[in-house]
Every structure is written in structure tokens, then in C-alpha cells.
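Protein chains in written order, with the working numbering: chain C, 1 to 116; chain W, 1 to 425.
Because the hints were derived from the structure by calculation, they are not lab data.
Note that the structure is a prediction, hence the values are computed from the model and not measured.
Any given hint could be a false lead.
[Claimed, not checked] SDA-like mimics (lysine to any residue), calculated; alpha carbons at most 20 Å apart, straight line:
| # | chain 1 | residue 1 | chain 2 | residue 2 |
| --- | --- | --- | --- | --- |
| 1 | C | Lys96 | C | Met1 |
| 2 | C | Lys96 | W | Leu188 |
| 3 | C | Lys96 | W | Gly184 |
| 4 | C | Lys96 | W | Ala131 |
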Amino acid sequence: MAQYLILIYGPETADAESIPPEVWQEAMEAHGRFSEQVVESGAKIVGGEALQPTSTATSIRGDVVTDGPFAETKEALGGYYLIEANDLDHALAVAKLCPAPEGGVEVRPILDTSGG
Amino acid sequence: MSHLHEGDGGVAHVHSAVAEAYRREWAFVLAATARVAGDIDIAEECAADAFGAALDTWLRDGIPTKPGAWLTTTARRRALDVLRREKTLRAKLPLLIDPEARGAYGDAEEPDVIPDDRLRLVFTCCHPAIAREAQVALTLRLVCGLTTAEIAQAFLVSEPTMAARVTRAKKKISAARIPYRVPGTTDLPDRLDAVLTVVHLLFTTGHTAPTGDQLVRHDLVERAIDLARMLLLLMPDEREIRGLLALMLLTDARRATRLDPDGRLLLLEEQDRSRWDAAAIVDGRALVFEALHGGRPGRFTLQAVIAALHAEAPTWEATEWRQILDLYDVLLTAWPSPVVELNRAVAVAMVDGWAAGLAEVERLESDQRLTGYRYLAATKADLLRRLDRPAEAAVAYREALALADNAAEQRFLAARLAEVGNPVT
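Chain C extracted, bound-state conformation:
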């Protein structure tokens, strides 16, 4: 098994409070279903969170602290999952199930730094 990070990108919502409850509910259900499907596929979710919008981000380059995300992109990183899968095909099959209704996901293999 190898670990992959699924990065979920999409258009930004101004803030979490402005999301209508039914949309929120729908998203939670979609992610709940996703978690079940991951288990069924034989992969494993190691971790995963949703992020506050980039308007809350603070970037630090060297010693300089600036307001905003590291890179301005049209579609922002909105959340992630860390998963364990057999290989890239397995990870991609899982990532295809990941809810990202208005955007998409990026799959990145985790670099093993354990040295063993």
C-alpha cells in the first residue's frame, strides 16, 4: 500500500456561513458516501479535512508574512484526503469518487521519507 493525497479544488465561497444549509447537508452526505465507497474499494482514508476559504489564508515566504494564499488560482484548494491505496490506478479510482462538484481533484503520491 502507498499513500496519496487527494487535493480537492473548486471555486471559492466567500465564507462557510453563507453556504445554504441544504447545500451543506448535501455535501456532507456526498462525503459520507465517499468514505463508504473508499472502504468498499479496499483503500483506506488516513485523514481528511475541509479548509476555510483562501481569504483566511496567511502566507509566509522567508520572514515576510502576507495576507492571502501562496499562489492565486482561479480554483482554490478547499479540502483534502490522505488515503492508502495499492497503486496509482487504485488511487485514481478512489479519487474519481471524491465529491468535487464544481471543480476537480489532484492526486499526489506521498514521498516516503522514513528512509527504510
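Mind docking chain W on chain C? Use the hints.
Using the frame of chain C, we list chain W on its own:
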């Protein structure tokens, strides 16, 4: 030379046997070695070493009855040696993932029958997680055994650029753990389509080189045809492989007639059909019939049928244009591509007249998907010329000429430009 076995015929004979084995067996040797080595770079090195060792050993002991088996066994033994030596180091690096491997690498026994892993190799090279141009480069490098320099030359990029492209793709295979396997039934249609797209891209790049002095790069055309033959041998039930092979054979059958003595491109309507390769056409037609048998034809088979109709037609004018137009309509539903629409426009012109064809071309021009595509301007120019609108034709020929980088195409377009009364100055 006295120590040579009788009938081996000396150094030249052994050299040509090794060269022949390289051409025929490289993919088999590398693919089988990759499974043992668990790493493409090690497998490549060991396979190359085995071919090097063959020169000396075959000269001394004679050419083995099964050169491929000899080379594979030699390469796999070397791979196992390397792995034993580097075991502690290798354990830290990501390995080629073989989901069916039993036990860890290095413990693998050499089986009596060496499995044919060429399909694994092809599907790994053409994995959708690898960029198309890198898929092409990897396939040429790993499956066809071309050197990076040869691939760079074929695609007219610098050797360091091509080397970087190949290295990056290989790194991704191991770091992202792209599995070394043939995809399962669910994924197979899409994955096979990616493989066939790569083979077709090799062919089209060879058939009409995008740039340069040569119209055709025969090496690429032959590699593409060889690859399709290999795929057909390994997956005889996949009808689209037959379709693609047919398409390439029927298209390449015109090879001797595509240039005039001055190196100017000759269009299909100008070619001497009596000099088309009759044997290739017979093979191609037989493959088309087989490909059509047993279900809805795919995009390569449909294009092959169109190529077969051209091959059978006594002249350009006496071609079954109505049937070709119908086939393009079917092809568009199987493969909605603006390039197909442009080809269809030519069939429309032949069935419904030049003006109707031009209307199709102008419609395509306005939707901008083919902006910068040299054959759009060239087709428009040709239709305007036939409609006796020389001034507009000249504008379109100039546009096509500005986009054409191939010398034979440039000569053709310049000649046409002169015909419509606007010689290149």
C-alpha cells in the same frame, strides 16, 4: 575464425543476428526483465547488457536456436545479480509495482516458460497519468528500443529535451506507483484506445512529418506498423487493432506516389494509382473485413473503411463519395473531432459541389477549434480555386503556406499559389 561453429558464417553473421534479435525481441526481453527487476532503469540496463553479451557469446558458442529466450534469461539473471548486490540500497527506492508478483524481488525463481509481458510494458508506457508526448517517447524508447537520440531526431527536438521527457515519465511511473499490468476489463477499452492513439500518432508523424525536408519518416511508419502487428498478435480479439493496422497499411500503400520528381506533394487525385502497393491493399482490405465483423466499428476501423474505398477507386472522381460521406457521418458520432469534420467537408464538396464543401469549411473556420491547423487553410484554398475565386484562394494559400513547415507541402502550396496568379515573391 576456426573456433566458430559451422554455418554461423562469422562476425557479420552474428552482428546481423543480434541486430535482428534487437528489432524483434527487444520489447519481450525488456518487459520480462522489468518484472524481475521491479525497476525500468535496471531492466533497461540489463537488457542492453544482454544484447552486448550476445555479440561475444554467440560468436564463441554459436547463435542459439531461440535468441529471444537466451537474451531474456541472460538479462533476467543480470537483473537478479544487480538486485542482490544493491538489495539494501534498492529497498529504499520505490519499485515498479507488479500486483501479481509472488514474494519479494530477488527471491523470484526463473520459470521454465518466460511470460510474455510486452502488453504490460505497452500499457504502462501509455498510462493516462503520463502526458501524451511522453507516452509516445516512452513507447519508442522502451517498447521499440530506440535511443533517446533517435527519438529526439524523429520529433525534431533536442536530445536533452527528449532525455528529460523520458526521465520524468520514468520517475513518475515509480514514484506515483503506476502499476505494471494489463488493465482489467472495465478499463480496457479506454486504455487500449490510448495505446492505439499513441501508435496512430507515431504513424501520422511518420506519414507526413510535421516539419523538415522529408515528407515521410519511414522509420516511424514502420515502427507504428510493427507495434500494431505486435498488439494484434497479443490481443487477437480486439477488432480496433485490426482497424488501425488496416488504416495504416492502406494509407502507407500510397507511399511511392506521394511526391513528384521535384519533391512536391501530390494529392490523392494526382497520384498514379497503378503504383500503389497492391499487396498492402490486399492485406489492409482483409483486415478491414475482419475488423467490421462482430459489432459496432470504432474510429480506426471506420477510417480504415474510408481508406479502403479510396484504395479501391479507379480514380479520384470515380470514388464512392456518397458512401464516404455516410461513413464520415458515422465516424463523427464515434469520434466528434473537428479534423474529421474537415475531412467530411471534402466529401461534401465531392457529393454536393464545391460551394457546399466551402460552406462546411467556413462554418468550421468560424468555430475556431482548428485555428492554426494548416489543412483548414489549404482545404479552403483548394475549394476557392475550384470555384474560380483566385484572389480569395491566394489569401488562403498564403495562410496555409505560413503554417506549413514541411518542405514537400510548402512546394505544393507555392505551386498552387502561382497557379492562382500570385507567385511567392
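Going down the list of hints, with the structure as the test:
no. : hint               : in the structure
1   : C:Lys96 x C:Met1   : holds (19 Å)
2   : C:Lys96 x W:Leu188 : holds (17 Å)
3   : C:Lys96 x W:Gly184 : holds (17 Å)
4   : C:Lys96 x W:Ala131 : holds (19 Å)
Every hint from the earlier list agrees with this structure, and none is contradicted.
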